[in-house]
Every structure is written in C-alpha cells, then in structure tokens.
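Number of protein chains: 4
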Amino acid sequence: MEALVIHAAGDLRVERIETPPLEPNQLQVRVRAGGICGSDLHYFQHGGFGTVRIKEPMVLGHEVAGSIEEVGSAVQGFAVGERIAISPSRPCGLCRYCQQGLHNHCLDMRYYGSAMRMPHVQGAFRQRIVCDTHQAHKLADHVSDGEGSMAEPLSVALHAVNRAGPLLGKRVLVTGCGPIGALIVIAARRAGALQIVVTDMAAAPLRSALKVGADQVINVAETPDALAAFTADKGHFDVLFEASGNQRALVSAFDALRPRGIVMQVGLGGEMTLPINTIVAKEFDVRGAFRFHAEFAVAVELLNKKLVDVKPLISATLPYRDAGKAFALAADRSQAMKVLLSFE
Amino acid sequence: MEALVIHAAGDLRVERIETPPLEPNQLQVRVRAGGICGSDLHYFQHGGFGTVRIKEPMVLGHEVAGSIEEVGSAVQGFAVGERIAISPSRPCGLCRYCQQGLHNHCLDMRYYGSAMRMPHVQGAFRQRIVCDTHQAHKLADHVSDGEGSMAEPLSVALHAVNRAGPLLGKRVLVTGCGPIGALIVIAARRAGALQIVVTDMAAAPLRSALKVGADQVINVAETPDALAAFTADKGHFDVLFEASGNQRALVSAFDALRPRGIVMQVGLGGEMTLPINTIVAKEFDVRGAFRFHAEFAVAVELLNKKLVDVKPLISATLPYRDAGKAFALAADRSQAMKVLLSFE
Amino acid sequence: MEALVIHAAGDLRVERIETPPLEPNQLQVRVRAGGICGSDLHYFQHGGFGTVRIKEPMVLGHEVAGSIEEVGSAVQGFAVGERIAISPSRPCGLCRYCQQGLHNHCLDMRYYGSAMRMPHVQGAFRQRIVCDTHQAHKLADHVSDGEGSMAEPLSVALHAVNRAGPLLGKRVLVTGCGPIGALIVIAARRAGALQIVVTDMAAAPLRSALKVGADQVINVAETPDALAAFTADKGHFDVLFEASGNQRALVSAFDALRPRGIVMQVGLGGEMTLPINTIVAKEFDVRGAFRFHAEFAVAVELLNKKLVDVKPLISATLPYRDAGKAFALAADRSQAMKVLLSFE
Amino acid sequence: MEALVIHAAGDLRVERIETPPLEPNQLQVRVRAGGICGSDLHYFQHGGFGTVRIKEPMVLGHEVAGSIEEVGSAVQGFAVGERIAISPSRPCGLCRYCQQGLHNHCLDMRYYGSAMRMPHVQGAFRQRIVCDTHQAHKLADHVSDGEGSMAEPLSVALHAVNRAGPLLGKRVLVTGCGPIGALIVIAARRAGALQIVVTDMAAAPLRSALKVGADQVINVAETPDALAAFTADKGHFDVLFEASGNQRALVSAFDALRPRGIVMQVGLGGEMTLPINTIVAKEFDVRGAFRFHAEFAVAVELLNKKLVDVKPLISATLPYRDAGKAFALAADRSQAMKVLLSFE
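Chains as they are written, first to last, in this note's numbering: chain A, 47 to 390; chain B, 47 to 390; chain C, 47 to 390; chain D, 47 to 390.
By construction, these hints were calculated from the structure, which means they are not laboratory data. Source: prediction; values computed, not measured. Just so you know, not all the hints are guaranteed correct.
The list treats identical chains as one, so a pair stands whether inside a single copy or across any two.
[What the hints assert, rightly or not] Okay, derived cross-link-like pairs now, DMTMM-like style, lysine to aspartate or glutamate, Cα gap no bigger than 25 Å in a straight line: (1) K280 - D154; (2) K280 - E347; (3) K216 - D187; (4) K216 - D279; (5) K257 - D355; (6) K184 - D279; (7) K184 - E390; (8) K328 - D154; (9) K280 - D261; (10) K257 - E347; (11) K280 - D331; (12) K101 - E64.
Turn these sequences into a full structure, and let the hints steer you where they fit.
See the structure below:
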C-alpha cells in the first residue's frame, strides 16, 4: 500500500510501505479520509517544532477515518465493513498517569505521526492501518469519512472546553480561529455558552467562526483595540480560549477578562512574556489543555447524534497523491480552514 | 386593579387591590402573562404544602412578564414601554448567605406569592406590580410575554443543571416530566448532554419531552422495568435529575446510575426511604437544588438569543378571570404542561 | 501455617492452610498484626450483612502489617526484612472504572476477606500471605506493626475526608465514633478543620474522640437535643461525617448543618427515611464514601512522617489464637475502640 | 495621637493626626501592634510599586491588632477592653463581585494604607483607629497583640492555600520564603500537606521555614540545580506556591511539577517570560491569589485555637518612633522575617 512519508522539511513522498500483521485484538482498516493538522504542517514546513524534529522517515497523519477490512480473531463487537473514526492516541494504560485517568500524560504514549520519541511513531496517512479496538469508534451512516476524520481535532476542542469547566450561561472569548479555535466555538456553543466572541488577524477564518455559531467576530488586524469595549467593571468575559499561540492575543485579552476568569491556553507558542501582576491581582486561572482522552468517544457520538456540525469547516478534499497541493492549501489561511486528504 | 387572591384551599378570588407607591429605584409594571406553578396549584388544591399553610389572604403567582408603565425618579437604564420578565426573588443582599453569593438561602428572603413567612409575601398574579430594577430583565422583541413568564421555571431548571456540574458529553436521566422536568431536558440539552432519557407515569408529558429534545422516553406505568436496560457494568447514566418528588422514581433509578453518579433532587416529596448502602457503595452524590439566583438573568438571555425554545411547553393561555378553569387545566397532566394566565 | 477461618456465624476456627506459591512480581510476607474491622465482626456475629453471606469457609481480615520474608524473582525495590502495611484492595486495573482512576469501583475487585463474590476472596488473618508489590507500603521504624495495620481504616477515613473537599477552616460534625469516626476526627484535624464536634450514644468512644483531637463531644444518649445549640441562622456546621449508619444520627444533624452543607455518608445502615425536602431546600450535598484507593499510600506516609497518631485508638492486642476473646472485646464499645490480633 | 505618615520614598514621619469621629456601628481601637508588610517597605523604599505611587501623605500599615477603647452606640457583641485583630479590607458589599462573594475583587475597595486610589486610603500605623465591627475579630487571651497583627498576612497565605484546593496528602513546593512564603508553609502544613519543600536564595529565611514545619529547604543560591532531583516521571510536586515574584524561581520549578500540577502565583513581579508550551503540554493550572476575604476570620480562629503558631516568624518588635530602624531591619532578609511595631 501507499503512505505519505516525511523525510525532512519540504520532502514529503508517496511511498510503498508494508501492511503490519493483524493481532488477535486488532482491526485492519481501509483508511478513507485524513485531515491535515497544524503539526503535520509544521513537520512539512519546518521539519518539526521546538525540540521535536524529524530524525528518520515517518508516515504523517493522525486524523483519520475509514472502514474495517478485517477483524482480528479475538475481536468482538466489530464487523467488516463498519465505518470508524480512529483515535491516534495509544497510552500504555499502566503508568502512574494512566492509572489516574490522565492518559494524555502517559509516560509511554505512542501517538500516530509523532517525532517526539525515537523511533518515531508512524502515522495514519496511508491506505491501510492496523489499530486496536479501543481506538475504533463507529460512525453513523450520515457521518461522512471526512467528518469522521475531524473527530480528532474536535476531541482537542472538547478537551479544552472540559478543562474550562461548565460553560452554560458563560461569556466566552476565543482568540485565534484556526481549525481548533473554530471547533472550540462549536464545542462552547454546544456546552451552552451565552455569548461567543472570536478574534483573529484574518477575515476568512472569522467568516468560518460566524458559520459555526460565533455571535461576534473581531478582526484585530483592522480594529486592534476592539476588546476595549469589554473592559468595564474589570472585564466582561468569563472564559478565554487562547487558540492562536500568540502572546499579543493572550495579553490583550486580559483587560476584557473578569476577575477569577479562566484562561484556557490551547495554542502552542514558545515563550511568552506575561504581566504576572494581572494574573495575581485578578486571580486568573491559566490552564493548559493538551490533546484529549475520553473526549474522542464523545466527539464521535456528538457527530453521530447530529449534536454538532463540522461540515462548514471542511474547505477541500484532495487525493493523497496531491499531498503537496493539499499541504500548500492547508497552509493558506485566506483560503482554507481544514483540508482533507482522500485515500480512496 | 384586580388580582388573584387565595383565601383557603379551593377559594381563589378575583379581587381589587391597591397599587403600591413607586419608590425612586423601582418600576411599575403592567403584568401581561403569568404561569401557574406547582406551588400555586398546591395552595389552590390543599391550602399549602408541608408546614407552609395559607393563614391570610395572599395574591398568588411568581412567574410573570409585562411591560414598564412608569419608572421611579432615580431609575436608570429602563424606559416606559420596555417589556420585561420579573424575578420573584428578593433576597436581602446583606445576610451571611447573600454575602457568600448564596442568595437563594437568604435569611430574610421575600419571594412573591409565598406563605412561608407571616405576613405572607404577596404575589404577582395582578394587573400591576411594583418591582425593584434588579428584578427586571428585558425581553427581546421576539420573546412573547408568555415565554417571558417562563424565565422563572427555566431558572429553576438552569439552577439544577448548574448544580449538577458540566453536562457536555454526559448521559442524563430525568425522572418526572412536569414543567420543571421538561425544562431540565431543555437546559441539559443546551448544556451539551449526549443522551437524555425521560421517565414519567403519563404519556402526555413524555410527548412534550420528545418535543423539547429528549432522546428517549419511558412510560414507567406501562414498562416499570425499562430502566433495567441501563444497569450493565454498575450503571449507565452519569447524572439523574429527579423531578417527580416520588420515592419510587428516585430509588428505581439507582441501579441505572453509574458509581460516582450525581443525583440532582429537584422534586419535593416529603420523606423518602432510601437504600443508604447503595449511596455509600456507589458513592453517589445526592444534591438538592432549590430555586435560583444568577440563573434568572441567564434564562432571559437564553430566550433572547433563541438558544432555548420553551414554546412547546405552553399548553394554553387563559384570561385571569377564568382562573378556576386555568387551575383545573394546569392540574390535569393528561392535557396540560404549562398553563398561562393573561392579564391583558 | 495457621489462619482464622470463618465457617458460619459464631464459628471462627484456627486452621492450617497452605501458603500459596510466590509469583515473580510478588512478596511473601510474615503477617505480624491485624486489626478487627466492623465487617469482620459482622461475619462473626451474623454470618454477613445484607445480601453478603458466608457461603464457604473464608479466612477473615483485611487490616494487616508484617515483614517481608521472601521476594519474587522479578521484584525490585523491596528487600527481605522490610516491614510493610498491606493494602487489601486488588482492583483489576483494566476495567472502565479503573481506567478512570476510580479503582474502588472496579468491576472485578478482589478485596481481602470479602464474601461479596463467589468463591469468596480469602483474607489476611494468617501467619503468611503472598501479595503484589503495589499492595506493599513500607513502614518507618517508629511505626509499630499494630499502627501499620491501621493504615487500612485510616485510608477509609482519608477517602471520606477527600470526598468532602477542603476542610481548612471548616466546622465539622462527626456522628458516630467507632474506629472510622475516630479516624475521621484525626484526618479532619490533619486537614485543617477549625472545629470538630463528635456525637455518639456511648461515653467511652467519646473519650477516645477527645484524645485524638475533637474539640467537643456530645453524648446523645444523655443530651439528645444538644445539637439544637448549632441551629441558628439555618445551621452551623459546614460538613457532616455520618459514621454511625444510624438514621436518627443523620436526620437529627440536618438542622445543625448550614445550607450547601456537605453530608459525607460513611456508615452503612440499610434503609433510612430522610426528609427529602430539607435536602432540597437547604441544597445539601449527600455523598457516599466507600473504601479508598490512592489514600492507602498517603495513610502510610502520614504515619511514617508522624503527621497523624493512631496509637490512642488501639485498645488491646491479643494473640490470634484468642480470636474469640478478641472479637468479643472488639464488639464491646464500652471497652474497646480498635482491637488488634498478633500473629507473632 | 501619633501616626506613621509616608510623604515620599524615604520620607516616613511620626506625625500627629486627628482621631476620626465614632459612628454608631463602629469601634474605637487603641492600636497595640502592627506588622511591616512588603508593600509598606515598597512605599518606604521606592514610593510605591508599578503604577501605584504615593501622591499625597498617607498613614502606612494594614496589619494591626489592639484593644477596644470605645464602642459605638449601636454596637452589639463587643465591649471596651476586648482585644481584637483588625481586618484592613473594607469592600463595598454591594457591587457585582461582592454580591458573588468575591469581595477581594470589590469595585470600590478601601484597603488600609493603599495608594491605589486617590485620595489614598489612610492606614493603621497609628495609636488609635476607628473601624467597623465586621473588621474586628476577637483575640484569645493567649494570643499576643503581635501575633494578632499577623492575622492579616496569615489570611493572605490561607487564601492562597484555599485557592490551591485540598492539600491533604499532597506534595508541596514553596519558592520564596519571605513572610508570606513562610506563612504558606504553616498553612499548607495545617491543611495536611504530606511534604513541603522550600527554596530561597538566602539561608536565614530557610531556617525560619524549617522552624515552622518545612520538611526540606533548598538554598538555590548554593545549589541551583537541586530541584532536578524531583523531575523523574514528569515531576514530583502536586502544588507549587510561588511566593518570590521571581521569574527564575517560577520557571525552574516547572520540571519538578507533575502534569496537572497547580501553580499558585502569590508573589508579585511585573512581567515574566514563561515557557507556554510547558504549561500547555503538562496542563498546569496557574492561579493568581490576591489578598483574602473570609480567611481573616479563619486566621484569627486558627490562632485562638492554637492550630497554628506564628511566633517563630516574629523577628523583632520595635517602638513605632523607631520606624526608620524597624523598616531597615524589615528590609534585611538576613536578619529579619517579620518585624513588628509597638504602638504602646
């Protein structure tokens, strides 16, 4: 079968790889659709991020859906032909953090398409993959493969929303409207947020935000001081989801956030210089959110029950053999929100 | 002006009463619509509940909306003609519990149409009422007076949902589908519940539950053991909202509730005999929910922003002069969910 | 070796049993001391409790400490001669609840000396036992075997305190002062409770409560209405630990508990008839607490660091061959708090 | 009477001021002891901090205790001669945040000896002061005036501990051991912390930390890499109290803090450059803690009940007329922890 293998920055190849053997408790899956994530882009554009660098050829991709081609001899509850979304998260289940239910902090995590450990964990942008049954979540008929592949980034958004605590009746600000920011809008709306305001530096992502339920969007490239309208009485918003990884976005939101406000930091962004005295004096609660665990099952069920709709965020679907074009499109925020690859 | 005054069980009269003087910080409101609540029915049918008994004539009613007729001399931010929902809750703001933000436990609460204290607190089923500005919450044009009058019971439901903690992705069981149970369905759906199952002894309320978003309803008069389908692996539901006040409903749900499940007890029901060992061994968390405080503002905003729709629960609207007929209808669960009075 | 085997109510025998084989990851332990628990007493006096009945001979006991006699071939970090407390809790680590960190709700729990499942899980009142390394927690030199055996009931108390949330500066009522109630006094004091009042029907346990840190004790057999002193302004206590399993103790405390008060139900007691309307109107939070998990390690460390002192609760230590006498003493609340067996 | 009035950096004078009139609900208090706080030192050394500057003469001081000299005509529950600690916090009680129980975020706060607003709020370093009854908390006979004056900084420490959530059985790191850091050690120990490690750049404060209950101290000037011993398995500590206001202290602790660890930021320190990716990937929870509210009453009760002992932190007590010497001593960390002024 064929797979998309990254060798170095800019060097992404369609290569033939072997299908691994099927263990008794595993499923062999025909991958149908895969979403290009920001980390895939980073590997492609820069060969990695921070200290995580491509050191050997690695199949990219961790947002995929497909259909079951073969079931292992000991598998129960799955049948050939069933369509599934595949969670790329494979925690050990045994370490200190797994035992506490904090699987996203597993000491021995193997996450698809990640160069964090050596040898790298091979990814899912491939025609066929073998996965464990606990990674497989069945899709309803009305959920397309492409929507199914979005269960993964939706899980990231749900995890951030879960970490923020209850949102029913809360006023929410989202800074940065890439796919994760936009999915947070969807998740926050689903969780009962009363008001959702979204900021970004570009017009196209903000249009997407409005499509998926934002009440108001602010282009901070055009109106950099627009958040000043929310600073009366020490601040308006109850919760900030910072999804840009941009220091300016984070700091500029502080005056619009009420005392005891919650800052969910989702965007990665290296070092940031923050006014610590504001965090102290307003008693903010700055929480990191990283990946997900139980949220993957919830994401699939929300899609299956039509309780969320991610279709407006799918900008385009290209054949995997056009990966170069697809990655270029995914990198262009003026044209694309989420770009999918088809492995048909 | 005229008001609906209860004198004793079964003795509800249309009487002329005086309009109280308008203080500088108050609003005079032309009441338009009022909802009949379970407690109004109890006063009417039984002269009270528990130790709370009608001891002097009392205007009934605490779920009302109307339009501003006159504003006090010191009022800012309100104008004649604006339409508002009126919160019946008037905590002192000064006592130990108010200072902790627990206004629903105020040591000196004056709640419209309540015989809890002597003299009784007169209610809002009247043509005109004078209220404080902090009781007044503006309605959007598209929200009818009748919907506005439902901000109060919706607040009760929102308070119960808030007390239950985050519901995003949770499996919810609601036992008892009177107006509060049905509004909990609406609120739980808005808060992101993944699955909502509703039980009741009657068919009509369950039809309403389906209209407002329940996934499945169970008529326990017909299929008393239907919850047995949810007892595998120590129980299926994460949260139970008990809104019937019925001991059997509460106890029969225990096996379907997972360990660490949350039981929100909303229904009032005197004494109940409970299997304490189950509460201990499954580490349930049985929480009472009583009235509301901050939720009233949220209820009105959810209505204003069309984030909830209470219209399917309005069964009928009758003139206040037909109160007897209206109360009889409100008491008939086979015909009515929420019955409103018009004070036009 | 010898063990204490229960055959039926009243029929507790000293019998010879086999030492099981030692697996590579296990420890063989020479049991030194074992505490008699309320459940041991129930098996002895009544042949079980509720639906849990002795159906085959079972070694009793789950509160033990001893010294390592032999280490399995794959064991690291333990050495012959080291003294340990042994956790009797052996969850599967794999089921839905274990994966969520809720090991005390394990779907396949094997807890020492429990007739809950068939075949029964054999207990630890024996001269030698083989356990897994994760059950073994090293005791500091200054901690006696007897104190070490109390790590188990201390864990139960710590779990109840953890479930109650932070106690720093809180006012605490404990109803029922058996060993668990008394250990809750110790744990609540350690956790920063400002005031601890303890009630019981007997004088001797209350004397123990004072020894371990209670501020005030109330003999409700003598002054049944003494809690009335704590009912002003809707109630005085923030948290109630109900450790008697007695309906009267629970209900009589409701008026002394403030709105939003937390009721930790620890005592088992079959069915109880409760004033549900009080739970609703005062918005109590009634939480069950059952066994423990992470708390066992904490219990041993608190003992090791002298942050708690359980010695005042040890009433007597008898040879295991005098089990009949020891059990009789343990059942006599006027004479004994915790009775230990020596297996030397 | 005489007071200590700051006019500008370095210009602190003993001046005669008027005693204000006594309102019916107030107490006139003979101030006995006052503690010099870090903010007092900042006014004295630098004329303020950040944007807060001395713009007019201001009586310094907000940590005081004394005895009642006269009671207002409407006062109940206080008598002449009673000894009290005085809370310097006077929130409005009416604003949005006071109504939510968040009085430390009051929109109209008047805090003793603060130049945050204009005119400045005059402080309590004076012989006589008039305060409201809700500011007054009675001291037990065994609590000295000096200890009573430490109720205020103890409240700050208790508030930080409360914001950190339950500490029973937790591993705690405290960076920075000035008076607040040392009081956090006391409060964390009282709240049940299992292990408390303290770091500082100086030896003397660390000796104080050991006196009040720290398990281990680290002089990071001598052994800058000592925290590396706590980094295995993604980190050892559950909670970090950052009380130095020093960026290096904060950042260097990150590797020793476990995933989902809580960072309580108490120290003020302008801007800090932080590795945001670590906060995200380890899902830290960075919370500010600012002043206190309900904690003042708890602080006094903990002192009254001998549940905490602050005496080891009192380095010296000097007459108020030697304020210059006292402030110089307070600024010398090698010699002094908390320096008190006597107003006898």
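Results of checking the hints against the structure:
For a Cα distance limit of 25 Å, the shortest separation of K280 from D154 across copies, 11 Å, qualifies, whereas the shortest one inside one copy, 44 Å, does not. In the homo-oligomer, the alpha carbons of K280 and E347 lie at most 25 Å apart only across protomers (21 Å), although the nearest pairing inside one protomer, at 39 Å, exceeds that limit. In this homomeric assembly, K216 and D187 come within 25 Å of each other (Cα to Cα) only across copies, at 23 Å, whereas the closest approach inside a single copy is 34 Å. Within a single copy, K216 and D279 get their C-alpha atoms as close as 17 Å, which meets the 25 Å cut-off; across copies the closest is 32 Å, which misses it.
Taking the closest pair of Cα atoms, K257 and D355 come within 25 Å of each other both inside a single copy (10 Å) and across two copies (21 Å). For a Cα distance limit of 25 Å, the shortest separation of K184 from D279 across copies, 21 Å, qualifies, whereas the shortest one inside one copy, 48 Å, does not. Only within a single protomer do K184 and E390 lie at most 25 Å apart by alpha-carbon distance; the minimum there is 19 Å, versus 55 Å between protomers. In this homomeric assembly, K328 and D154 come within 25 Å of each other (Cα to Cα) only across copies, at 14 Å, whereas the closest approach inside a single copy is 38 Å.
Taking the shortest alpha-carbon separations for K280 and D261, only the intra-copy value of 22 Å comes in at or below 25 Å, while the best inter-copy value is 40 Å. For the identical chains of this complex, K257 and E347 are neighbours both inside a copy (22 Å) and across copies (21 Å), given an alpha-carbon limit of 25 Å. Within a single copy, K280 and D331 get their C-alpha atoms as close as 15 Å, and across copies as close as 22 Å, so both meet the 25 Å cut-off. In this homomeric assembly, K101 and E64 come within 25 Å of each other (Cα to Cα) only inside a single copy, at 20 Å, whereas the closest approach across copies is 56 Å.
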